[in-house]
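Model the full structure from these sequences, guided by the hints.
Residue numbering for the sequence shown follows the working numbering, beginning at 88 and increasing consecutively.
Since the hints were derived computationally from the structure, they do not count as laboratory data.
Glycine residues also receive a C-beta, built at the ideal position from the N, C-alpha and C atoms.
Any given hint could be a false lead.
[To be verified] Label-pair distances were calculated between CB atoms; the ranges are:
#: 1; residue 1: GLN187; residue 2: ALA163; range: 28 to 38 Å
#: 2; residue 1: SER213; residue 2: GLY489; range: 19 to 29 Å
#: 3; residue 1: GLN106; residue 2: VAL185; range: 54 to 64 Å
#: 4; residue 1: GLN218; residue 2: THR179; range: 47 to 57 Å
#: 5; residue 1: ALA174; residue 2: GLN134; range: 48 to 58 Å
#: 6; residue 1: SER193; residue 2: ALA168; range: 36 to 46 Å
#: 7; residue 1: GLU242; residue 2: ALA441; range: 25 to 35 Å
#: 8; residue 1: ASP228; residue 2: HIS462; range: 40 to 50 Å
#: 9; residue 1: GLN106; residue 2: GLN126; range: 32 to 42 Å
#: 10; residue 1: GLN182; residue 2: ASN203; range: 26 to 36 Å
#: 11; residue 1: ASN203; residue 2: ILE415; range: 42 to 52 Å
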Amino acid sequence: MATSGALQAIDKFSTQVGQIATQLDGAVAGADQLATSAQQLSAGAMQVQTGLVTLSGGQQQLAAKMPSLYTGLGQANVAVAQLATGAGRVATGNQQLVNQTPTLVSGVSQLSDGLNKLQANTPALSNGAQQLAGGAGQLSDGVNTLAGKVSTLLEALNTVGAGAQQLATGDDQLNDGVKTATTGTKTLNDALQVGVKQLQPIHLGEKTINHFVSPVASKQVDRQLTVADYKAVFGPALLAFALFIGALLIQMNERRRRMTADVSAIASLRTLFILPVLQAILMTGVIAIFKIDANLFATFLFTFIVATVFMLVTLLLDVLFGTVGLLISVIIAMAQIVLSGQIVPSEFLNATLATIAKFLPTTYAAQGYDALINHTPYMSVWAATITLVVFGIIGGVVAVLGMKRSFPVMMQPQPEVE
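Below, the structure is given as structure tokens:
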């Protein structure tokens, strides 16, 4: 506002100056005309006097407006300086924009390429999502089927236990029969001796008489008919089978936990090495409760090794074949109890089945338990242990490599929740 007033005052002053100049011209013209007309001179003098009065008023107004003019000029100078500073910043910003333009163009190009790739891969992504949904459905069906088979498996185990109890009862009955046969043999010998005395003397040699008196020796009957305790016969196979089924059930639970929770593979492996310790303690306790004559410390160590190896074998089948691998584990478990050589002697198996049995870990686990329970040479325990360790190393290495390739994120340690 002060600047506008000053400009108006200056314009007015310029107008008045122009008027004064005009009046002065008129005065000059009047002076020239003074010689010709005194009246014109008087009129011109009057006009000059009027103009001077007007000029004096204009000067007073100009003097009154000068402070405002000076203030407006100062503000204008400050505004000009700010304008110059802002112009410099604008120039700097324009230069930076010019410098970043290639980067911006490159980023826009990369974004365009990424959008094109995303658009090109959208059908594949859609197909993958559909396949994932189908695989999830198959996995759910397989888990439900496997869960339905678990009850059947437990019923089969109960049947095996009942059969073992019946075999134990039959063992007692057989031992009673052997005693009865021994008593009958003795009665027969006594009767034959009485009969020989009643016969007319026969002049034969002593061997002939002994042949008729003792046609059957009771010691031979005892040696041929006496059988071992069925706990010692079926115990090794049942212990190995129970550990394999336990490893299978634990692996099923770990797979479900990995699929439904954010659990790393390292934590899962750590769990799979802790549980064999508990299995070894439980199995050693069962052996002690049933009063099976075995070295408990050696049995604990061997059970820990067997449980760990079975854990790694079931993990290998899970990593390689998924849910199908767990079903394969069930089939292998059922086959191993027959091919282990404990229930069905190895001599009764054909060459193909005997060869397959050599590549099943339960075969060596049953051999180790047989050596511990029946006190056969401990070299059998060492040989079985070494073979099982080889099974465990191969299964563990292949399983870890498969997990790294299939689930690289799972192999990273997860932060612990406080």
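Hints versus structure:
no.: 1; hint: GLN187 x ALA163: 28 to 38 Å; in the structure: 36 Å, holds
no.: 2; hint: SER213 x GLY489: 19 to 29 Å; in the structure: 28 Å, holds
no.: 3; hint: GLN106 x VAL185: 54 to 64 Å; in the structure: 56 Å, holds
no.: 4; hint: GLN218 x THR179: 47 to 57 Å; in the structure: 56 Å, holds
no.: 5; hint: ALA174 x GLN134: 48 to 58 Å; in the structure: 52 Å, holds
no.: 6; hint: SER193 x ALA168: 36 to 46 Å; in the structure: 39 Å, holds
no.: 7; hint: GLU242 x ALA441: 25 to 35 Å; in the structure: 30 Å, holds
no.: 8; hint: ASP228 x HIS462: 40 to 50 Å; in the structure: 49 Å, holds
no.: 9; hint: GLN106 x GLN126: 32 to 42 Å; in the structure: 23 Å, violated
no.: 10; hint: GLN182 x ASN203: 26 to 36 Å; in the structure: 33 Å, holds
no.: 11; hint: ASN203 x ILE415: 42 to 52 Å; in the structure: 44 Å, holds
In summary, the one numbered hint that this structure violates is 9.
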